[in-house]
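Work out the full structure: start from the sequences and follow the hints.
Listed here are the chains, written in short residue letters.
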Amino acid sequence: MAKFKIVVVDDSGPMREVIIKIIKAAGYCDSEFIKASNGREAIDIIASSWVDLLVTDYNMPDMNGLDLLLEIKKDEVLSTIPVLVITTEKRPLFIQKFIEAGASGYLQKPFKPEEIREKLVEILGENKDELSMEKSDDDLDF
Amino acid sequence: MNSVWKNLMMTSTSEIIESMFFSAVVCECLNYKADIYNRMLLAEKECCFVDIKGKGEIDIFVFADILSLSDLASSFSGKNDVEDQESREIFKEMINMIAGTALSYDSEGNNFTLGLPKIISYEGFKKMASLKKKTPDIIQAKMLTGELILVLFSDN
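If you read the protein sequences in the order shown, they are chains A and B. Note that my numbering has the first sequence beginning at 1, numbered continuously upward. Note that my numbering has the second sequence beginning at 1001, numbered continuously upward.
A few of these clues could be false.
The list that follows gives simulated cross-link-like pairs (lysine-lysine, DSS-like), each with its CA atoms no further than 25 Å apart [what the hints assert, rightly or not]:
#	chain 1	residue 1	chain 2	residue 2
1	B	Lys1134	A	Lys90
2	A	Lys24	B	Lys1079
3	B	Lys1055	A	Lys97
4	A	Lys90	B	Lys1006
5	B	Lys1142	B	Lys1055
6	B	Lys1127	B	Lys1045
7	B	Lys1079	A	Lys112
If you are wondering where the hints come from, they were derived from the structure by calculation, not from laboratory data.
Below is the structure:
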C-alpha cells in the first residue's frame, strides 16, 4: 500500500482541511497528512521527520511559501523533498519565481481534484493504492 | 479606481463564490451615496480588509452579515455547523482568493503585492476610510443567501 507522508502548509485552518479533502478525493486517501500554519512550522516538521511531499500556500504570516521554498533548497537533504505550491495568483512572473526557486509544481486556487491528481502523479508517481485497487478488480473478474 | 479593476474584482468575486462556495452570485457596481453606504455597512456585519500594493495602492474592505458568512463557510468546509471563528477564517481565505484571482487577471504586468487579509471592526474601517481622499467604489455581490459588499479605495 502506498502511504505518502504529505505536509500541508496554509495559514487558514479551513483551507488546509479543504486541500487535504481534495488530495484524498484525488486518490491519495491513505496518505498521512501533517498540518502547518506557516513556513517556520513546516521547516520544524520536515527537519524532524522525512516527508514525501510538501504542499504550500504562498501568502502566509511569519514565513511565506517562497521563503519556505528558498530555505528548503539551502539544505542538501531537505532540498530533495518535492514542493507543490498552491496559491491564488497565476501571474507568469509570480509563477516563475517559484519555478526558479525549485518548486516541483504550481496550482492556482480554486483547483479541481483532477488538477491536483495530475500534479501529484507527476511528482510522486502513479498512486499504488489505485493500482492495487485496479488489480483487485481484475482478480475479481477471474 | 479605473473600471478595469472594478471589472476584475467583479469577475474574480463571481468565480470564487461560484467555484469554492457553490453559490450563484450576481455582482453589480453601486453608485456611492452616503445614506446607502451607511445603511449597508452599519448593519451587524463582519468586515475583512486586504490591501494590494505596488504601482499605487488598493484597499479592499468586504462586508458580510454573520448568517451569510455561516452559509458560505458551511458550503466551503462541507460541515453543517461552523463556529464563528472558523467562519471568519474562511471569510479571510475567501478575500485572499478573490483579491489574488483579480491580480492574476491584471495583464499590465504591474508588480503588485497582496497583503494578508485581516478581520477588522467597523470602527477600524471608519478610521481607515476617513483617511481616504477619494470616495470608494462599491460592488454588491448578491448570493442566494445574502450579499457581500465590497468597498474599494484606490489612490490612483
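Status of the hints after comparison with the structure:
The straight-line distance between the Cα atoms of B:Lys1134 and A:Lys90 is roughly 30 Å, outside the 25 Å bound, and the hint therefore fails. The straight-line distance between the Cα atoms of A:Lys24 and B:Lys1079 is roughly 17 Å, inside the 25 Å bound, and the hint therefore holds. Distance hint between B:Lys1055 and A:Lys97 is fulfilled; the C-alpha atoms sit about 20 Å from each other, no more than 25 Å. For the proposed pair A:Lys90 and B:Lys1006, the alpha carbon gap of about 19 Å is at most 25 Å, so the pair holds.
In summary, the hint linking B:Lys1142 to B:Lys1055 is not supported, as the alpha carbons are separated by about 31 Å, beyond the 25 Å threshold. Our distance criterion of 25 Å between C-alpha atoms is met by B:Lys1127 and B:Lys1045, whose separation comes to about 16 Å. In summary, the hint linking B:Lys1079 to A:Lys112 is supported, as the alpha carbons are separated by about 19 Å, within the 25 Å threshold.
The structure fails to meet hints 1, 5 from the earlier list, while all remaining hints are met.
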